[in-house]
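Per our numbering: the sequence shown = residues 46 to 226.
A hint or two may mislead.
[Claimed, not checked] Under the rule of at most 25 Å between Cα atoms (straight-line distance), these lysine-lysine pairs were calculated in the BS3-like manner: (1) K54 with K66; (2) K54 with K222; (3) K67 with K151; (4) K142 with K222.
[Said to hold, decoys possible] Just the calculated beta-carbon pair ranges, DEER-fashion: (5) A105 with K67: 21 to 29 Å; (6) L201 with N103: 33 to 41 Å; (7) A105 with N169: 18 to 26 Å; (8) D64 with K113: 37 to 45 Å.
It is worth saying that the hints were derived from the structure and are not from the lab. Glycine is no exception: its CB is placed at the ideal position from the N, C-alpha and C atoms.
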Amino acid sequence: NAVTLTANKNDLLPLRAMDNKKIAVVSIGKDANSTEFEAVMGQYVDSLTVMTIAKTSNDAAFNAITAKLADYDVVVIAFHGGHAYPTSFGTTPAMTKFIDNLAATKTVVLDVFNSPLCLTKFSNLDQIAAVVVSYDDSKAAREVSARMIMGTLPFLGRLPVSINKNFPEGMGINTKKITLD
Numbered sequence: 046n047a048v049t050l051t052a053n054k055n056d057l058l059p060l061r062a063m064d065n066k067k068i069a070v071v072s073i074g075k076d077a078n079s080t081e082f083e084a085v086m087g088q089y090v091d092s093l094t095v096m097t098i099a100k101t102s103n104d105a106a107f108n109a110i111t112a113k114l115a116d117y118d119v120v121v122i123a124f125h126g127g128h129a130y131p132t133s134f135g136t137t138p139a140m141t142k143f144i145d146n147l148a149a150t151k152t153v154v155l156d157v158f159n160s161p162l163c164l165t166k167f168s169n170l171d172q173i174a175a176v177v178v179s180y181d182d183s184k185a186a187r188e189v190s191a192r193m194i195m196g197t198l199p200f201l202g203r204l205p206v207s208i209n210k211n212f213p214e215g216m217g218i219n220t221k222k223i224t225l226d
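Work out the full structure: start from the sequences and follow the hints.
The following block contains the structure:
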């Protein structure tokens with residue numbers, strides 16, 4: 046019940062009716078192409094494309110990823126390896142700019158495996174279609190979060206702190222478990 050869904054435009058999550066949609070997962074902060082998150086997502090999405098990039102990458106590297114995402118309908122961004130230090134929470138200006146700009150042109154699901162306060166580092170949260178706070182970058186959190194995004198587990202979590210006026214303490218969007226074919 047800890048994983049929290051804080052934004053869900055047009056009831057995008059859980060992802061369903063995606064047969065004709067191109068879906069990519071961009072993992073920021075993990076060097077491996079296959080964490081538990083991507084593996085679980087791949088169980089439910091045929092031909093899932095997975096891209097990884099270091100969170101310390103520069104604008105040019107993030108722009109290259111943006112170019113590769115041109116033909117995708119939905120982009121799930123998994124922000125791994127953040128930290129609880131309030132200065133940046135593990136974010137970088139290039140990383141937040143990438144996510145903010147991508148959300149302006151694509152349907153983006155942002156999943157932060159970090160403190161919910163890291164969301165204060167994004168300037169266009171209102172443009173992100175779905176925002177998930179998974180709190181912890183553990184194996185269990187990565188598996189559970191992917192299953193919730195796909196709907197095999199419901200979102201039931203609540204924010205323990207206020208992020209801004211749109212995300213007050215105690216806020217969370219519930220979803221129901223769905224059966225996937």
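Does the structure break any of the earlier hints, and which numbers would those be?
4 and 8
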